[in-house]
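Novice: Sequence:
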Amino acid sequence: MTKKLILIILINCQFAFSQIEILTPEKLTEDLTTFRNIRESANSGLYKYRTKAQIDSIYTWENNEIKKPLNTIEFYRIICLLTDFEGSVHNETNLPADAKKDFISSDGYFPIPLKLIQNNLVVNTSHFEIPLASKIHKINDVAIETILKKLKRYYTTDGYNISGKTIGINAAFSRYYKYEFGPAADFKVDYSEPYKTEIKTITIKSVSDKIKSEAFLNRHSKSIDSLYYTSIKKDKYKFELINNKTALLTVNTFAIGRNSKDPEHIVYKNYLDSCFSKLNKDKIDHLIIDVRTNGGGTDPNDILLFSYLANKKFRENKSAYVSFNKIPYPKYLVPEEEDPKEEEKARQEFEKEMIEEFPVLVNGKYYQTESFNKPIEPNQNAFKGKIYLLISERIASAGSLFAALVAGNTTATIIGQETMGGYFGHNGHIPMEYQLPNSKITTTFSIVNLEQDVIKKKNQKFGRGIIPDIYKSQTLDEFINNEDDTIKFTLRLIGKKK
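Under numbering that gives the first Met the number 0, the first residue of the sequence shown is numbered 0, with each subsequent residue one higher.
Don't read these hints as lab results, they were simulated from the structure. Given the structure is predicted, the values throughout are model-derived calculations rather than measurements. Zero decoy hints are in this set.
When the alpha-carbon atoms are kept at most 16 Å apart in a straight line, the in silico EDC-like pairs for lysine to aspartate or glutamate are as follows:
#: 1; residue 1: K439; residue 2: D101
#: 2; residue 1: K325; residue 2: E355
#: 3; residue 1: K457; residue 2: D468
#: 4; residue 1: K325; residue 2: E343
#: 5; residue 1: K385; residue 2: D281
#: 6; residue 1: K373; residue 2: E450
#: 7; residue 1: K151; residue 2: E91
#: 8; residue 1: K439; residue 2: E91
#: 9; residue 1: K237; residue 2: E263
#: 10; residue 1: K199; residue 2: D140
#: 11; residue 1: K471; residue 2: D484
Required output: the full structure, derived from the provided sequences and hints.
Specialist: Here it is, written out as structure tokens:
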């Protein structure tokens with residue numbers, strides 16, 4: 000086994016990553032070559048939003064970056080930039096366990112929770128020297144615009160979407176900052192208090208991961224945005240009548256059971272049917288559907304809900320394809336089974352299923368057979384009134400597929416912010432995880448390239464999320480007062496139409 004090179008890196012003479020492997024240019028080249036070979040062979044979305052010339056160009060640039068030794072964190076930044084450039088919300092990059100543990104255990108985190116409010120990064124706590132809602136202008140003499148541009152690589156979104164990166168920045172600014180700029184003993188912060196223009200400067204001490212995490216858990220906005228930054232385990236959906244003409248259906252996640260036979264899904268299915276039966280029975284004219292915290296989930300929860308809104312036959316997607324029917328580079332695949340024999344058995348079964356679902360080879364792409372994508376009829380209790388769909392930058396995967404179907408195939412009014420998940424399509428369904436041979440960085444991506452069953456619309460752009468008909472985002476006043484005005488805004492809109 001090759002001995003690891005260990006380096007003690009001192010930051011500001013006080014903070015260090017205690018043990019970070021230094022990778023030689025030869026090892027870095029092997030990892031980067033392996034990474035690209037895997038993407039070319041297994042990732043059907045590599046050229047979904049980028050031309051070959053663009054991909055070649057960024058790899059040429061990155062190859063120049065690895066002509067000198069780099070530590071694992073420095074190489075991680077490069078891999079994150081590449082995965083973000085591809086443009087898939089399901090792309091994920093992770094440090095090896097030992098490097099991650101070392102990164103977390105070392106101090107040097109920015110201590111204050113922050114939140115993007117209408118493109119301004121503001122203080123999201125009243126427990127620090129800088130007042131709540133103060134606008135951050137610079138950190139350590141670097142403009143916040145420059146910082147945000149660098150940090151956005153660590154949170155992937157579909158296509159060219161930028162709005163969805165807000166979710167990552169709000170939840171993990173301190174961690175991303177440390178990835179990009181390293182740990183620091185303290186931070187010089189230039190800021191202006193809310194509604195004021197005077198720039199003030201303060202120096203604040205850095206903190207540990209534990210203190211940073213506690214500060215986020217106690218953030219000012221938690222009471223109204225907690226579902227945006229957590230795995231939703233309860234209160235997944237609810238229905239209420241607002242008045243005798245208007246109802247509200249909230250679906251916070253589509254992670255409702257593992258499949259159509261799961262008892263949790265069946266409860267959801269019956270619940271939806273009772274809701275839409277009541278809508279028709281009570282002659283409700285206006286239905287507000289709130290999916291603003293819906294980051295996705297499992298089939299067929301998204302499609303089932305849309306069947307109650309559809310006015311004609313539809314499919315889950317227009318087309319779907321993968322790049323292979325036999326797993327490329329299996330020796331780098333992260334095993335799901337501990338027993339090698341069981342892992343080989345699982346791999347063979349997976350390849351058999353792939354050949355069954357994606358048997359049609361056209362120009363190097365294996366397309367899904369129609370038997371796996373049959374037309375779906377609107378539900379007999381489908382709603383016939385006016386639909387208002389509330390969306391946000393949080394919506395991705397199955398959540399954005401549902402929102403795209405609504406935006407593209409109904410007369411619904413779409414209200415909110417652009418979603419991080421794409422309108423015309425995305426890569427999804429089946430994730431695969433590989434580990435690079437030297438850095439041990441893992442990379443995950445979804446292999447099914449989906450074209451969603453939507454029509455071209457003037458306001459929907461290729462490579463973007465679902466774009467609302469009416470933009471509605473939280474104002475600074477609403478943030479300070481912890482108000483969510485979107486539903487009230489929608490009700491006022493409905494009132495004007497009566």
